[in-house]
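There are 2 protein chains.
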Amino acid sequence: MAHSGGPTAVINASLLGLVEEATRRTCFRTVYGARFGLEGILKQDFVDLTALDRARLMRVAQAPSSALGTSRREIGAEGDRLLEILRALDIHCLFYTGGNGSMGAASQIAALARAADFELQVIGIPKTIDNDLAETDHTPGYASAARFFACAVRDIGADNRALPGQVQFVEVLGRNAGWIVAATALARHRPDDPPHLIYLPERPLPLDRLLGDVERVYSRLGRCVVAVCEGQLDEHGQPFGADVRGNARGGLAMNLAHRLASLVTARLKLKARGEKPGLLGRVNRAARSAVDWKEARLCGRAAVRAAARGVSGAMVTLVRREGPGYRASTGLAALERIAGVERLLPERWLDRQAGEMHTEFLEYVAPLVGEIESYEDLG
Amino acid sequence: MAHSGGPTAVINASLLGLVEEATRRTCFRTVYGARFGLEGILKQDFVDLTALDRARLMRVAQAPSSALGTSRREIGAEGDRLLEILRALDIHCLFYTGGNGSMGAASQIAALARAADFELQVIGIPKTIDNDLAETDHTPGYASAARFFACAVRDIGADNRALPGQVQFVEVLGRNAGWIVAATALARHRPDDPPHLIYLPERPLPLDRLLGDVERVYSRLGRCVVAVCEGQLDEHGQPFGADVRGNARGGLAMNLAHRLASLVTARLKLKARGEKPGLLGRVNRAARSAVDWKEARLCGRAAVRAAARGVSGAMVTLVRREGPGYRASTGLAALERIAGVERLLPERWLDRQAGEMHTEFLEYVAPLVGEIESYEDLG
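Here the protein sequences line up with chains A and B, keeping their order.
Position one of the first sequence corresponds to residue 13 (this note's numbering), numbered consecutively onward.
Position one of the second sequence corresponds to residue 13 (this note's numbering), numbered consecutively onward.
Derived by calculation from the structure, the hints in this document are not laboratory data.
Hints may contain errors.
All copies of an identical chain are treated as equivalent in the list; a pair is satisfied when it fits inside any one copy or across any two copies.
Unchecked claim - With a Cα cut of at most 25 Å, we get these calculated SDA-like pairs of lysine to any residue:
(1) K306 to R221
(2) K283 to D389
(3) K55 to L282
(4) K55 to D205
(5) K283 to F252
(6) K55 to G391
(7) K283 to L54
(8) K283 to G253
(9) K281 to I87
(10) K283 to D255
(11) K55 to H248
Isolated chain A (complex conformation) (with noise of 0.2 Å):
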């Protein structure tokens, strides 16, 4: 097992549901877990999950972020010695955890086992919190980061109405990709709870749109709350004059809420500031999803039980049933069809007004996230 990109808060209830698999089959003698993905097979630094007792499993299980550690790795030329290495140690089954880059590179390595005739079983494993994977109805972290993010709404909200004649601006992760963002709807129960607008990322943002939108909201409460996607631009393709990370995967602002604070106060002359919670957003225990949790778990189980039949090349899927109240059981797509497929929200879903979430989206996303309590207030 390697992990691959982002952490999350249920990455390692996947590692647990794949070790219990694993374990109770006699098909595998030893579950290898590569110490920060890639480059703990490229250097053969790895535990022996088969090995861990259930107490310290279970610990691991409970703990967000990766207890194996991940990487950002490319395969790059590495690609022979990574078969090398494997075929040394006997492994013939790789389950790599990951996103859409990720499920490529796993598909990159199924590809390369192929054509060195090397018996290589891959099995993806769906971990994002950006829920942007094709193939499934969500992704494990996704639900929990909603959850993190709905909650930090809601309570900056709560300070917010307590101590008014201010815009907040609360920048949330996600990426291209709205389905976070548009999750902290949740958070509201009475007209004018927070958020007070929210912008989905799929679209551009012109700023005078912006502006308006929150020169109502303000004159009508006296206070506004905004949820803004990190990767949201405005009509130039621009993040409004943010400064941008030099990454590899490029093009996300690295402080977004605070430029957007400093713009409201310049042109609206109202008090603003602008919070980034990030990363915490993606590990984060308290605020963990319960049903997130669980599927993690089973999406580790269900890619033990596809490799034991003898499938190759897919990644395990969440597929939510038909029917009254929310029930999800695990299915398998092939790799080639998420490897680089980023899924946004889909169109019918947006051109809402801002703030307004879709019903159908609304639906979708309450039975992961649970529900967001709110707050008794003597307003």
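Place chain B on chain A using the hints.
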């Protein structure tokens, strides 16, 4: 009862204590809660707190932020009108919840009443996350904010450990006092646990020293988590070139963590990012300290007991008892000794190596904040 200044996670527990104690006593007929502090008094916008049913009162007490609402408004020329309103409503006791600025206002109201020959008792109830009030061992609100940021540094540190190769700045509340940022040391359980560096705003931080410290940690661990207080200044008395909030109390950086991350990237060529949980740090319920909540309630009760004894012009204090184990009781101190005084960390706790906290401080803070659970990993 009127609230003043920023909300905390436990201000509503002081309200609970006050109402509980007042309703047990025959000498108080009605407890009015002013909506939005001084604003509410001047607008005669009150809630009859004695009329709240017990269930609602308990729900209020569990909510972070101020259920009544609060204000940063100063009395200015409204002193006479304020007294008139209190007199008209037959209010003879004012409970004022706030920090050192608010205790100044309370003191001013007491003086105005004396000068006007209006029999008004004024009692302060301490409330500030900054823990910078004189005459009290600590302040309600502090421990919960400290717990939030210790947990935040632990969580962001778990992400930083799992996906190394990055320097992570976490911006911590606390204005000019290091009480909260120092408490993030409680996140450490094992060697090399975050935060790797902690800076106390009581001392200027030369940029070159910061860069040297970061480089040293990074070259040893390949990662680095830095806890820095929002009020930290450089050797020129400036916030490292960060934007500054233009409010009346002036001078606080708006985007310090981001600014420091940018400087580290530019000067050390390391990947760096800054997170600013901001106001989440003072309204978070998940990280609330149990001791803090209990003591905030005690302070509300003690305020009423003092009033019933005829006390005026004093603030309730928390007094740590001698002996093994943590025990605290309440006391009283004159408002004049607290008004406008900013209690910083004592000199003898400063001038440690960046990140090392004085044992006396750790013994002081640990029982307030409670245990910060560590996460299992496979590192």
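Hints, one by one, checked against the model:
1. K306 to R221: neither (41 Å within a copy, 46 Å between copies)
2. K283 to D389: Only inside one copy: K283 and D389 sit 24 Å apart there, 43 Å across copies, limit 25 Å.
3. K55 to L282: between (54 Å within a copy, 23 Å between copies)
4. K55 to D205: between (51 Å within a copy, 24 Å between copies)
5. K283 to F252: both (18 Å within a copy, 22 Å between copies)
6. K55 to G391: Answer is between: at 14 Å across copies they meet the 25 Å cutoff, but 60 Å inside does not.
7. K283 to L54: between (52 Å within a copy, 23 Å between copies)
8. K283 to G253: both (19 Å within a copy, 20 Å between copies)
9. K281 to I87: between (51 Å within a copy, 24 Å between copies)
10. K283 to D255: both (22 Å within a copy, 14 Å between copies)
11. K55 to H248: neither (44 Å within a copy, 46 Å between copies)
Consistency with the previously given hints fails for numbers 1 and 11, ordered from lowest to highest.
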